[in-house]
Amino acid sequence: MVVLLLSLLLGLCIGLGVILLRIAQVQRQATGLPGGRVIYADTGAWSRCEQPLLSNRYRLVGKPDYLVAQGGQMIPVEVKPQRTAPAPYASDIMQLAAYCLLVEDVLNQNPGYGILKYRDQAFAIDFTPALRQELLDTLARMRHDRGLRDVARSHDEPARCGGCGYRARCTQRLA
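In the working numbering, the protein residues as written are 1 to 175.
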């Protein structure tokens with residue numbers, strides 16, 4: 001009788017363990033994080049925010065939401081929990097590329113790719129030489145424009161224009 005009860009208890013514990021592991025897998029998949037160890041987090045869900053990554057070489061600073069160590073590679077992850085789109089926004093790709101560049105320069109590791117996590121979908125974005133160059137060109141244009149008195153605004157995203165804090169004073173706003 002005791003052996004039967006112990007066997008039932010052991011079976012229940014194993015079953016509960018399997019269920020809990022499956023719940024943990026589902027929750028991790030929902031975050032968009034790849035498998036691996038989270039070594040950096042800048043989200044409100046964690047008790048402390050990490051220091052930003054700072055590159056003097058590129059005059060760039062940033063705080064990815066997560067850095068995940070996976071197979072000797074650091075993968076930056078940027079989470080946009082309110083965003084839904086069939087494809088990632090160009091501005092989000094540039095932000096993620098900046099985090100890839102920071103990982104490359106500050107941590108001396110080529111991330112290979114990063115992940116953009118929208119509400120319902122995760123996008124793996126390869127950090128290719130072409131994307132790296134596009135980011136460097138964008139940074140150069142931004143630094144150049146910083147010295148100008150008047151800079152034309154980009155209005156490729158009407159919703160973003162509508163939510164801009166400078167909308168009331170902008171002479172280039174969309175109707």
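Because the hints were derived from the structure by calculation, they are not lab data. Check each hint, because a few of them may be wrong.
[Said to hold, decoys possible] Each computed DSBU-like pair below joins lysine-lysine, with the alpha-carbon atoms no more than 30 angstroms apart:
no.: 1; residue 1: LYS80; residue 2: LYS117
no.: 2; residue 1: LYS63; residue 2: LYS80
no.: 3; residue 1: LYS117; residue 2: LYS63
[Claimed, not checked] With beta-carbon atoms standing in for the labels, derived distance ranges:
no.: 4; residue 1: PRO52; residue 2: ALA140; range: 18 to 26 angstroms
no.: 5; residue 1: ARG22; residue 2: ARG132; range: 22 to 30 angstroms
no.: 6; residue 1: ASP120; residue 2: ARG153; range: 56 to 64 angstroms
Cβ coordinates follow ideal geometry from the N, Cα and C atoms, glycine included.
Structure-based check of each hint:
no.	hint	verdict
1	LYS80 <-> LYS117	holds (6 angstroms)
2	LYS63 <-> LYS80	holds (14 angstroms)
3	LYS117 <-> LYS63	holds (15 angstroms)
4	PRO52 <-> ALA140: 18 to 26 angstroms	holds (21 angstroms)
5	ARG22 <-> ARG132: 22 to 30 angstroms	violated (39 angstroms)
6	ASP120 <-> ARG153: 56 to 64 angstroms	violated (30 angstroms)
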